[in-house]
Amino acid sequence: MRFLDLLGMSVSNLKRRKMRTFLTVLGVIIGTASVVIMVSLGIGLNGLMMEQYSSYGDMTMVTVNSNTYYGGGQDVDESQFLTDDTMKQIAVLDHVTNVSPVLRADVVLKQGLYYCSQSITGVSRDYLEKIPLGQGELAAADDNELKFYYGNRVIMWFSNEKTGAGYGDNEELPPVDFMGKPMFVIFDTNAYWQTRGNNTESSVKPPKKYLIGTGGVVEGTFRDYNNYSYDIYCDAELLKQQLKTIFRKNPIPGQPTNRKGKPYPYFVYSQLMVFVDDMENVTDVQKQLSDMGYQTNSQMEWIEQAQQTYGMVQLVLGGIGAVSLFVAAIGIANTMMMSIYERTKEIGVIKVLGCDMRNIRNMFLLESGFIGFMGGVVGLCISYGVGYAMNHFLSLGQMMMGVDGDISRIPFWLAGGAIVFAILVGMLAGFFPSLRAMHLSPLAAIRNE
Amino acid sequence: MVDRGNPIIQVKNLYKIYRVGDTRVHALDGVDFTVYKGEFCAIVGPSGSGKSTLLNMLAGLEKPTKGQIVIDKIHIEDMTENQLVEFRRKRVGFIFQSYNLLQTMNAVENVALPLSFRGVPKKKRNEIAVRYLKLVGLEKQMKHMANAMSGGQQQRVGIARALAVNPKIIFADEPTGNLDSKTTLEILKLMRQVVREQNQTLVMVTHDNNLAAYADRQFHIVDGKIVRIVEKAEADRMSGGTAADERMVGGTLDMTAELPEEAVETAEFSASPR
Chain A
18 MRFLDLLGMS VSNLKRRKMR TFLTVLGVII GTASVVIMVS LGIGLNGLMM
68 EQYSSYGDMT MVTVNSNTYY GGGQDVDESQ FLTDDTMKQI AVLDHVTNVS
118 PVLRADVVLK QGLYYCSQSI TGVSRDYLEK IPLGQGELAA ADDNELKFYY
168 GNRVIMWFSN EKTGAGYGDN EELPPVDFMG KPMFVIFDTN AYWQTRGNNT
218 ESSVKPPKKY LIGTGGVVEG TFRDYNNYSY DIYCDAELLK QQLKTIFRKN
268 PIPGQPTNRK GKPYPYFVYS QLMVFVDDME NVTDVQKQLS DMGYQTNSQM
318 EWIEQAQQTY GMVQLVLGGI GAVSLFVAAI GIANTMMMSI YERTKEIGVI
368 KVLGCDMRNI RNMFLLESGF IGFMGGVVGL CISYGVGYAM NHFLSLGQMM
418 MGVDGDISRI PFWLAGGAIV FAILVGMLAG FFPSLRAMHL SPLAAIRNE
Chain B
227 MVDRGNPIIQ VKNLYKIYRV GDTRVHALDG VDFTVYKGEF CAIVGPSGSG
277 KSTLLNMLAG LEKPTKGQIV IDKIHIEDMT ENQLVEFRRK RVGFIFQSYN
327 LLQTMNAVEN VALPLSFRGV PKKKRNEIAV RYLKLVGLEK QMKHMANAMS
377 GGQQQRVGIA RALAVNPKII FADEPTGNLD SKTTLEILKL MRQVVREQNQ
427 TLVMVTHDNN LAAYADRQFH IVDGKIVRIV EKAEADRMSG GTAADERMVG
477 GTLDMTAELP EEAVETAEFS ASPR
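First to last, the protein sequences are chains A and B.
Every letter in the first sequence is one number past the one before it in the numbering used here, and letter 286, counting from 1, is 303.
Every letter in the second sequence is one number past the one before it in the numbering used here, and letter 52, counting from 1, is 278.
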């Protein structure tokens, strides 16, 4: 028997009992819609969480810390220093695209009456390129002038040199203008503190102030938060040159010294930032790094935990939806059984007329599969509608996660999977009834009632 | 003994025994007979005689307890259910007492239905269906749904459906059991006519001797045994020519047409019970 003839017979049988077919399909519609909506909510929650994390910073970044504390004069394990050599070692690992040093130096920033004591962070150019600047722009690669890029919340650290009042005291932003006015930077902070105020007896000369240009300011107001909000960034290589010219052979504050109090001939970084090609490989790279003896951090650790939680939520939601689909499957099985009882004679007739037993089974399987298909398609349409309503009219995402975004997301695999699953559920529910139909005796046809 | 041509059905020593509790019921008790190609045979007997059981077994709907059934040189007694379905699809047409048309289909679709089981494309099988519907005189009812037709018309569709697959043999189970006498006559004549024209073989089961008189040969079955076989020529001679037709036209269906004993004797045949 041809497939189209089979399908035609199945469909005309479904048409015969329109109300019953409709009610059975309705069950599948509700079942499919509840599964799809629940799963789409799970996906949406997960997605919102990922977006939230990625808004905080780069998720493919691993922070490497040295195990060795480097102060002065103590026993230090030089082999554990994070240096240019370490960077080279890490750079050759699989999945690592880039390594950036984090060279910190304490400075004092001054603009007019306002000052702040902060550490600046020297990083690679690749890292600088990732910083989302709201004002100004990244200097050209061949620009050899040291420039600072300020975080959008750095302005809050400034306070009045005379009164000592800062943002924390009066909730007024200091009138510091990074882009418009010149910023003076004192690198030799020890000398600064010793010569500060009226301490005229000090033998130390007041340190030199350097005028350092502002490259840009991170996007957002001082109320917004992202990964770059609190730091002042600059190019690590240019910072090294600057520090060398200022301190010459003297120890640089923040850099380790050997037992004799002499500085090492190379720079030691406080951290390294390792960039990984894909989020999925972050954990892998992190493991390799900790095997090498470094302490590592990444956002993935948090995300994985959160993802596990949301995975559970998704499972529970999907399970709730699946219950209604299961009930719908029982409905299909019931409908098919009824239909077979009703058509016992007819099945007998077509069997006498030579309809293959497999064709009879397939006819019923097609019928129940078709119920599943119709329910699946309509259920999916309803899911899209409900999802759209939740995303656009209720803004549940804002309510539950505090993030703008779609809370119900139906990716292509979910849509396709839902229809295939509905068809499978239909066929599965129709399987035993169809076997029963297949084995009905043809004698029923010639029995005359 | 005249040469009757090719045997199409050969039944040898056929038994069907049902167990009802501890007792064994012999529905068929050693039946032997042969049907030849192009014949119109009637299996006649009162209810409970085993005639329907015999027909079911010939059509492969029930399995015999013992014995052989050879149809078109094929043994069907040991076939599996799947093989029997295939056997019916390829070789057998069936006419039912209650017509058994599919209510969701019109006349053409009903006639074309068995062809669809053979995988004949829709266009072709509808052409064939139309041809056979014309043959049974239903030019005007082609598109009528099954339940919008009279009993006679439905049975005509049933006949067309049985013919459409061009079977080796057609079985008819009380084909006129639900029809009035006038329609019964029409249907019987039609069956005899198309069977002759198409050179088909028809085996009809009936409890009515008058109807059986239309057949070329009658197998009378009582208590699971064939008690006598009557040739049409003899039956006609006994009752004076076109007896059956006239009696039918008289409209007295219930009238018994017991044949004289001597006719039975002459019709006695090798296939009679031992």
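The reader is advised that the hints may include incorrect statements.
What the hints assert, rightly or not - No farther apart than 20 Å at their CA atoms in a straight line, the calculated lysine to any residue pairs in the SDA-like style are these: (1) Lys32(A) with Thr330(B); (2) Lys289(B) with Phe390(A); (3) Lys316(B) with Lys257(A); (4) Lys257(A) with Tyr283(A); (5) Lys362(A) with Lys348(B); (6) Lys32(A) with Gly264(B); (7) Lys316(B) with Gly264(B); (8) Lys32(A) with Asn404(B); (9) Lys32(A) with Leu328(B); (10) Lys348(B) with Phe20(A); (11) Lys362(A) with Ser407(B); (12) Lys35(A) with Met331(B); (13) Lys362(A) with Glu307(B); (14) Lys362(A) with Val246(B); (15) Lys316(B) with Ile300(B); (16) Lys362(A) with Gln329(B); (17) Lys408(B) with His433(B); (18) Lys369(B) with Thr206(A); (19) Lys226(A) with Thr206(A); (20) Lys316(B) with Ile234(B); (21) Lys349(B) with Arg375(A); (22) Lys35(A) with Thr330(B); (23) Lys362(A) with Leu328(B); (24) Lys350(B) with Lys257(A); (25) Lys348(B) with Val28(A); (26) Lys362(A) with Asn425(B); (27) Lys415(B) with Gly377(B); (28) Lys362(A) with Lys408(B).
In case anyone wonders, no lab produced these hints; they're calculated from the structure.
Taking the hints in turn, this is what the structure says about them:
no., hint, in the structure
1, Lys32(A) with Thr330(B), "holds, 9 Å"
2, Lys289(B) with Phe390(A), "violated, 40 Å"
3, Lys316(B) with Lys257(A), "violated, 94 Å"
4, Lys257(A) with Tyr283(A), "holds, 10 Å"
5, Lys362(A) with Lys348(B), "violated, 25 Å"
6, Lys32(A) with Gly264(B), "violated, 42 Å"
7, Lys316(B) with Gly264(B), "holds, 18 Å"
8, Lys32(A) with Asn404(B), "violated, 29 Å"
9, Lys32(A) with Leu328(B), "holds, 14 Å"
10, Lys348(B) with Phe20(A), "holds, 12 Å"
11, Lys362(A) with Ser407(B), "violated, 27 Å"
12, Lys35(A) with Met331(B), "holds, 16 Å"
13, Lys362(A) with Glu307(B), "holds, 18 Å"
14, Lys362(A) with Val246(B), "violated, 25 Å"
15, Lys316(B) with Ile300(B), "holds, 12 Å"
16, Lys362(A) with Gln329(B), "holds, 12 Å"
17, Lys408(B) with His433(B), "holds, 18 Å"
18, Lys369(B) with Thr206(A), "violated, 103 Å"
19, Lys226(A) with Thr206(A), "holds, 11 Å"
20, Lys316(B) with Ile234(B), "holds, 14 Å"
21, Lys349(B) with Arg375(A), "violated, 24 Å"
22, Lys35(A) with Thr330(B), "holds, 13 Å"
23, Lys362(A) with Leu328(B), "holds, 10 Å"
24, Lys350(B) with Lys257(A), "violated, 90 Å"
25, Lys348(B) with Val28(A), "holds, 16 Å"
26, Lys362(A) with Asn425(B), "violated, 31 Å"
27, Lys415(B) with Gly377(B), "holds, 16 Å"
28, Lys362(A) with Lys408(B), "violated, 28 Å"
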